[in-house]
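K.L.:
Residue numbers in the sequence shown follow the numbering used here, run continuously in steps of one, and reach 714 at the last position.
Derived by calculation from the structure, the hints in this document are not laboratory data.
Since this is a predicted model, take the numbers as computed values, not measurements.
All C-beta atoms, glycine included, are put in the ideal place defined by N, C-alpha and C.
Mixed in with the good hints, there may be bad ones.
Stated by the list, open to error - The list that follows gives simulated cross-link-like pairs (lysine-lysine, DSSO-like), each with its CA atoms no further than 30 Å apart:
hint, residue 1, residue 2
1, LYS712, LYS88
2, LYS483, LYS570
3, LYS172, LYS98
4, LYS413, LYS385
5, LYS221, LYS76
6, LYS185, LYS172
7, LYS538, LYS553
8, LYS221, LYS168
9, LYS36, LYS553
10, LYS382, LYS413
To be verified - Pair by pair, the computed Cβ-Cβ distance ranges are:
hint, residue 1, residue 2, range
11, GLY564, THR381, 30 to 38 Å
12, LEU333, ALA156, 30 to 38 Å
13, ARG234, VAL369, 30 to 38 Å
14, ASP298, PHE112, 15 to 23 Å
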Amino acid sequence: MKNFNTTFRLTAVAAAMLAAYGSAFAEDDDIKQLTKPDSSISVGAGYWSNDRPQQGVFDGMRDDHGYALIDADVVKRDDATGTWFKFKGDSLGLESRKISVEVQQQGNMGGFVNYSRIPRESPVEIRSGIRGVGSERMTISGAGANALPFHDVDLATYRDLIHVGFSKNLLKDVDVKLSFKNEEKNGSRHWGMGSQALFLAEPIDSTTQQLDVTLEYSGEKLQVAGGYAGSWYRNQNDMVFGRVNGAAQPGSTSSPNPVPLSLPLDNEAHQFFLNAGYSFTPSTRGTLKVSRSVATQDESLPSRNLAAPNNAFVGAPHKLDGEIVTSLVELGLSSRPTSKLSLNANLRYYDVDDNTPLVGLVGNNTTRVVTVHNTPHSYETKSGKFEASYLLPQRFKLIGGIDIKEQDRSAPKFVSERFVPFNEKIDETTYRVQLRRSMSETVNGSVAFLHSIRDGSSRVSPHDPEIFDTINPLHISDRTRNKVRLSMDWAPVEAFSMQFNVEDSHDDYAREDGRPFGLKDGRATLVSVDARYAVSDKWQVTGWASHDVTRAKQLAGRWAQNTGIFEMLKDAKLEDTGNSVGLGLRGAVSAKLQVGADVQWTRTESSYDEDTTLTGLGGLQATYPTSGGVTGRRLADIESTLTRLSMFARYAVRKNADVQLDLIHERWKTDDWTWSFADGSPFTYGTTTDGTTVSIKPKQVANFIGMRYIYKFQ
1 MKNFNTTFRL
11 TAVAAAMLAA
21 YGSAFAEDDD
31 IKQLTKPDSS
41 ISVGAGYWSN
51 DRPQQGVFDG
61 MRDDHGYALI
71 DADVVKRDDA
81 TGTWFKFKGD
91 SLGLESRKIS
101 VEVQQQGNMG
111 GFVNYSRIPR
121 ESPVEIRSGI
131 RGVGSERMTI
141 SGAGANALPF
151 HDVDLATYRD
161 LIHVGFSKNL
171 LKDVDVKLSF
181 KNEEKNGSRH
191 WGMGSQALFL
201 AEPIDSTTQQ
211 LDVTLEYSGE
221 KLQVAGGYAG
231 SWYRNQNDMV
241 FGRVNGAAQP
251 GSTSSPNPVP
261 LSLPLDNEAH
271 QFFLNAGYSF
281 TPSTRGTLKV
291 SRSVATQDES
301 LPSRNLAAPN
311 NAFVGAPHKL
321 DGEIVTSLVE
331 LGLSSRPTSK
341 LSLNANLRYY
351 DVDDNTPLVG
361 LVGNNTTRVV
371 TVHNTPHSYE
381 TKSGKFEASY
391 LLPQRFKLIG
401 GIDIKEQDRS
411 APKFVSERFV
421 PFNEKIDETT
431 YRVQLRRSMS
441 ETVNGSVAFL
451 HSIRDGSSRV
461 SPHDPEIFDT
471 INPLHISDRT
481 RNKVRLSMDW
491 APVEAFSMQF
501 NVEDSHDDYA
511 REDGRPFGLK
521 DGRATLVSVD
531 ARYAVSDKWQ
541 VTGWASHDVT
551 RAKQLAGRWA
561 QNTGIFEMLK
571 DAKLEDTGNS
581 VGLGLRGAVS
591 AKLQVGADVQ
601 WTRTESSYDE
611 DTTLTGLGGL
621 QATYPTSGGV
631 TGRRLADIES
641 TLTRLSMFAR
651 YAVRKNADVQ
661 LDLIHERWKT
671 DDWTWSFADG
681 SPFTYGTTTD
691 GTTVSIKPKQ
701 VANFIGMRYI
711 YKFQ
């Protein structure tokens, strides 16, 4: 009897067969993964040791208690009908949860239902005597004998979004798609009145709905999509009233109560659109986009029936009858006339026509003289782009382009209501050139340069040229911009790769004679590097670092409120700096145990270097830099640092089940003085009528431990 060796030996014939059919076996595995993808359900719990109001804003775990950790990703396919079923749930045990259900029959029809809840909890600490937070009528604490007991006020908003959709193949190349979104937004957010330094919370209770209907045709050369998009916004609250406890009710001329303020009003918009693309030849294609939308706001003004002294101007309308008509036409053409030359061109016309009637909203009820009008604003933008790329010898590719934009803008009609100079026409031209090269099989790089010039004409002067005509508004002032981009990819061996990027831009704002105030120049620089190294088949290290700096120089002034006399010159150098470093490790200790660790360190710093010079005019020099017992000084820098260390270990308890342990240590600290007075004490609203204090916890240290059971199946 012959003895057979139970150990498989790779013979020459077997090796030849594997070489010939190995790729086919691999393709079978890929096909299996596509038709029978893995599904998983993860259930566990985690616990944070301390409150983390700052970082908890991003992941929904703000407080020091336990959290349910539940996730699911289920994908099933019915081979007989070609129908896919997908269910995905993220953070199901948290406030920031997401659920998605989709059913799709290939080539026929499909539908989906998505739900998401987005919380936004305020990171600041508020102590106040306010009552009625969440409603339109609130009572402010008051002072002395009228002061109400103080308590912690937690502010947060919650957005619940439901999105449903359906698609159906009507004919061979024709599909119809329907989509509807309904978002409910509730809660309260930090607010205040402009009339007095009093704390209030804006009540949030609104609904936003959006409907999209699209009909698509996809032919061999022609593709067309057209349809309708509509949106509706409804706010359940229309006006906020705040009353100081113990003071006269709103409406009395001697009342210290704040002026009632209206909230966003109901509005809606409707759009019809058409998008098309046509391939004239295999190398030439044209595109077209056309749309027209009408947005309206016709709700009655909630302040219309207020009693004196907050009663409306008798000449004001009962409702605004706002209407904005937006039109868009865009043409595109791309072509590759030769194997080395590619061309792209684009023309765009965009018109925003504000048809809202010009009406008086504030005035004298006795003389009926209007002092403040609304400001309907229309603008028309014509733009064009052209780009060409050419393949040069030695693996070089040269890309050049030009972008041209012309904008005509409407200015406020009444001179007395213009407070800054206004350009009615703005032109901007950008030149772009880029050089790419595949230096070798392991190194690729590119460098790009952009030069942009923006200038305006038909300048309209403000009502007080001696003061306000000396200002250059940021968004419409003349500007020259230069930007450089450098990138490189390096992979000397299969186990190592690195990406390196540098961007630098410089803005220079024109300093016209007689208009010295505003931004003088700005600069932004970003340097980043990402790397990956496979130590072995089982261990991998990743790392990244970035450095960014944004600088701005601006010249400002101060004028006496009553006389308009220039009192102070303020020359500021503003700078924001960010540095981030990260390191990651992944590896397999054994066939069943996988581990990983990540460390992240981020530091941001904002500096406010401002020189002030008194002119000797007006009365400011008598009170500055000392006023009310407080000596003025330069604003201190603000520095914030985040250090985060996370580790995990995953152990395969069965072939299709894992247990994972997560550990996180997090430190965040800041010396942000935004919510504090010059002496470091918490900011206080209206000390004689309110007393609400706002502060931020400067150091937040917390640890997290979590355990998950992960079940995988097909």
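K.L.:
With reference to the structure, classify each hint as holding or not holding.
P.N.:
Hints, verified against the model:
For a cut-off of 30 Å, the pair hint linking LYS712 to LYS88 stands: about 14 Å separates their Cα positions. With a C-alpha separation of about 29 Å, the suggested pair LYS483 and LYS570 falls inside the 30 Å cut-off, and the hint holds. Of the supplied pair hints, the one linking LYS172 and LYS98 is violated, its CA atoms being roughly 35 Å apart against a limit of 30 Å. With a C-alpha separation of about 33 Å, the suggested pair LYS413 and LYS385 falls outside the 30 Å cut-off, and the hint is violated.
Our distance criterion of 30 Å between C-alpha atoms is broken by LYS221 and LYS76, whose separation comes to about 35 Å. Of the pairs offered as hints, the one joining LYS185 and LYS172 is violated, with about 41 Å between alpha carbons and a cut-off of 30 Å exceeded. For the hint linking LYS538 to LYS553, the alpha-carbon distance of about 51 Å lies beyond 30 Å, and the restraint is violated. Between the alpha carbons of LYS221 and LYS168 the distance comes to roughly 22 Å, so the proposed pair stays at or under 30 Å and holds.
With a C-alpha separation of about 59 Å, the suggested pair LYS36 and LYS553 falls outside the 30 Å cut-off, and the hint is violated. For the hint linking LYS382 to LYS413, the alpha-carbon distance of about 23 Å falls within 30 Å, and the restraint holds. At roughly 36 Å, the beta carbons of GLY564 and THR381 sit within the given window of 30 to 38 Å. Checked against the hint of 30 to 38 Å, the C-beta distance between LEU333 and ALA156 comes to roughly 50 Å, which is inconsistent with it.
Separation of ARG234 from VAL369 is about 36 Å and conforms to the stated range, judged on CB atoms against 30 to 38 Å. For the pair ASP298 and PHE112, the supplied restraint of 15 to 23 Å is violated, since their beta-carbon distance comes to about 34 Å.
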